[in-house]
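Undergrad: Same order as they appear, the protein sequences are chains A and B. Residue numbering for the first sequence is 435 to 752, as defined by our numbering. Residue numbering for the second sequence is 435 to 752, as defined by our numbering.
Be a bit skeptical, because a hint or two may be false.
Same chains, same names: a pair is fine if it fits in one copy or spans any two.
Straight-line Cα separation of at most 25 Å, SDA-like style, residue types lysine to any residue; simulated pairs [said to hold, decoys possible]:
hint : residue 1 : residue 2
1    : K595      : A681
2    : K460      : R557
3    : K460      : D530
4    : K684      : R455
No lab work stands behind these hints: they were computed from the structure. All of these numbers come straight from a predicted model, not from anything done at the bench.
Here is how the chains run, residue by residue.
Protein chains: 2
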Amino acid sequence: MSQSAVSRCFKPGASISAKTRAKVEKAARQLGYQPNAIARGLITRRSNIVAVIISEPTNLNYPEVLSQLNRRLGERQVHILLFTLSRERDVNLALDQVWQYQVDGIIAAAQFTAEQIAACEDRGIPLVFYNRVYTQQGVSAVCCDHADGERQLIEGLLSNKRKNFVVMSGPADSAVSTARTKGAVTRLKQEKVNLMQVAGDYSYESAVECVHEVMSTKKFSPDAFVCANDTMAIGCIDTLRHDYGVAVPKDIAVVGFDGVGAAAWLSYDLTTVVQPVQRMVEAAVNMLLERVEDDSIPAETRLFAGQLRLGSSAQLEA
Amino acid sequence: MSQSAVSRCFKPGASISAKTRAKVEKAARQLGYQPNAIARGLITRRSNIVAVIISEPTNLNYPEVLSQLNRRLGERQVHILLFTLSRERDVNLALDQVWQYQVDGIIAAAQFTAEQIAACEDRGIPLVFYNRVYTQQGVSAVCCDHADGERQLIEGLLSNKRKNFVVMSGPADSAVSTARTKGAVTRLKQEKVNLMQVAGDYSYESAVECVHEVMSTKKFSPDAFVCANDTMAIGCIDTLRHDYGVAVPKDIAVVGFDGVGAAAWLSYDLTTVVQPVQRMVEAAVNMLLERVEDDSIPAETRLFAGQLRLGSSAQLEA
């Protein structure tokens with residue numbers, strides 16, 4: 435049998451007769467042969483590995499993103515080399531390692547500097563950002579429209595005659611939090627309302643502290659909390675109810691962002707903006723793999739609208 | 435400069451003078467040279483990649499496990515090739531892919547058949563199971579002592595004179611759920627108490643349905659729910675309170691298992707068993723990498739006791 439016939443047998447989509455295939459597969463089983471993806475990668479320059487760099491891995495939204503990424507990439511026989519960062523600024527540590535593996539591309543849910551983006555380009559490694567947009571030219575990204583989501587929430591709260599707003603942001607180095615906070619604050623500054631800003635770190639515990647800070651502020655009685663994610667909105671509701679006997683939403687309305695599973699739990703029933711995770715991940719995977727096949731495809735940014743979830747933590751009109 | 439000096443410069447721990455190192459590094463920067471881990475792996479037979487196979491990725495406990503695994507392996511310059519399974523029985527699909535990459539070892543939080551374990555052994559790939567124990571010889575594992583954890587919870591509930599128990603299990607193909615359910619049922623059958631068993635799938639929504647099933651059962655008034663994980667315990671508390679006006683724990687006590695973040699949320703304050711995730715992950719990583727270095731080390735099982743968290747969802751004595 436020719437070397438080429440054997441090779442075609444292990445190459446997806448290659449033409450080979452059923453009889454030849456059966457013969458080759460039988461011999462391979464007897465010899466314990468397995469195609470070596472690593473060695474093949476050195477020849478084809480394709481490893482079928484994509485680096486996924488994620489900050490904030492314990493944020494409740496990421497398990498779903500990761501699981502969807504694994505499913506979508508897996509369907510294309512592509513695998514995930516995972517890097518989770520405890521802080522967004524650890525990107526350099528991850529990239530030092532990424533260069534050493536022959537990854538086909540990078541999906542990044544973390545903030546890169548211009549130098550880091552240029553380094554990927556220099557090495558010819560396609561890069562797609564997940565949930566952050568760059569004004570810089572030539573960068574591909576898939577993003578939920580954070581500012582528009584916040585605008586929808588704020589419009590609803592304003593229609594409800596809320597006047598004293600607290601905007602609770604996430605970690606200072608999170609681009610997602612910055613986009614959401616900016617969206618909310620920009621819209622609120624167009625109105626005659628009172629605004630207090632506090633900073634958490636996306637965690638439940640940080641929201642508890644923020645609420646204590648707000649409630650101990652003299653001459654300010656909040657009637658709406660706008661939180662940069664659902665976990666903080668949940669911490670906010672619990673603290674207002676349990677520590678201050680506040681009725682949510684009657685006295686104070688609380689809104690979040692993400693649409694995590696816990697948002698639908700009966701104790702919270704959050705009004706929030708649901709990110710279309712499935713569609714966003716599908717888009718990110720398609721965009722990346724297209725560019726792995728053909729590096730001449732120009733950069734593209736896809737912005738997905740979030741969907742308003744009308745829960746009972748703020749009684750907004752549809 | 436000799437080839438050996440250059441090589442030593444990129445080999446962690448190798449002896450080389452500071453002056454030579456500076457010279458080599460400068461030249462490498464000018465040439466844009468980067469060590470190629472993939473090519474090196476073909477020579478050293480070490481890829482510094484470990485496959486992590488996880489089922490139930492959206493279980494609230496896994497983000498923490500994954501994040502800890504990434505940290506511990508990252509400290510040793512080892513990276514994660516991730517496989518998340520939507521069902522435990524998809525292990526074969528993952529292994530077909532694992533064989534093609536030259537992984538140094540496998541950490542598996544999923545159920546393997548005897549054939550799948552033998553296949554790893556045949557290929558000389560060390561394997562450490564996370565959170566499941568095999569009676570089969572020669573298999574290494576790190577596990578939380580699920581049965582003992584359940585025993586502690588049940589002892590507490592029995593001291594509180596609870597008489598009518600509901601044991602809520604997770605998915606039928608989850609080894610962790612099976613171990614927990616068996617531990618609880620075995621202990622309860624030693625006592626004169628009533629016992630009803632229901633099956634969820636670890637999700638909040640499945641617990642809601644289980645509670646409806648129990649509460650519509652005639653001639654059975656539960657006073658304790660023993661849930662196979664925290665998420666179901668949370669669904670249980672919410673449904674009992676909101677749909678049946680039940681006081682927890684006065685009328686009905688509810689206990690979970692895992693010690694996830696949400697267990698400490700003010701609305702729930704769960705009585706549960708906290709898995710020592712950090713220690714378990716550290717042990718799994720050390721056990722695996724030891725065996726990558728030296729394949730003659732015999733198999734080992736390390737069983738970690740869970741720690742009782744005394745919350746207000748069941749008022750147990752310490």
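Undergrad: Evaluate each hint against the coordinates.
TA: Verification of the supplied hints:
When the C-alpha separation of K595 and A681 is checked against a cutoff of 25 Å, the pair qualifies only within one copy, where the shortest distance is 17 Å, while the shortest distance between copies is 35 Å. With identical chains, the CA atoms of K460 and R557 are at most 25 Å apart between copies only, with a shortest distance of 19 Å across copies and 41 Å within one. For the homomeric pair K460 and D530, the shortest alpha-carbon distance between copies (17 Å) is at most 25 Å, but the shortest distance inside one copy (42 Å) is not. In this assembly of identical chains, K684 and R455 lie within 25 Å of each other by CA distance neither inside one copy nor across copies; the values are 70 Å within and 67 Å between.
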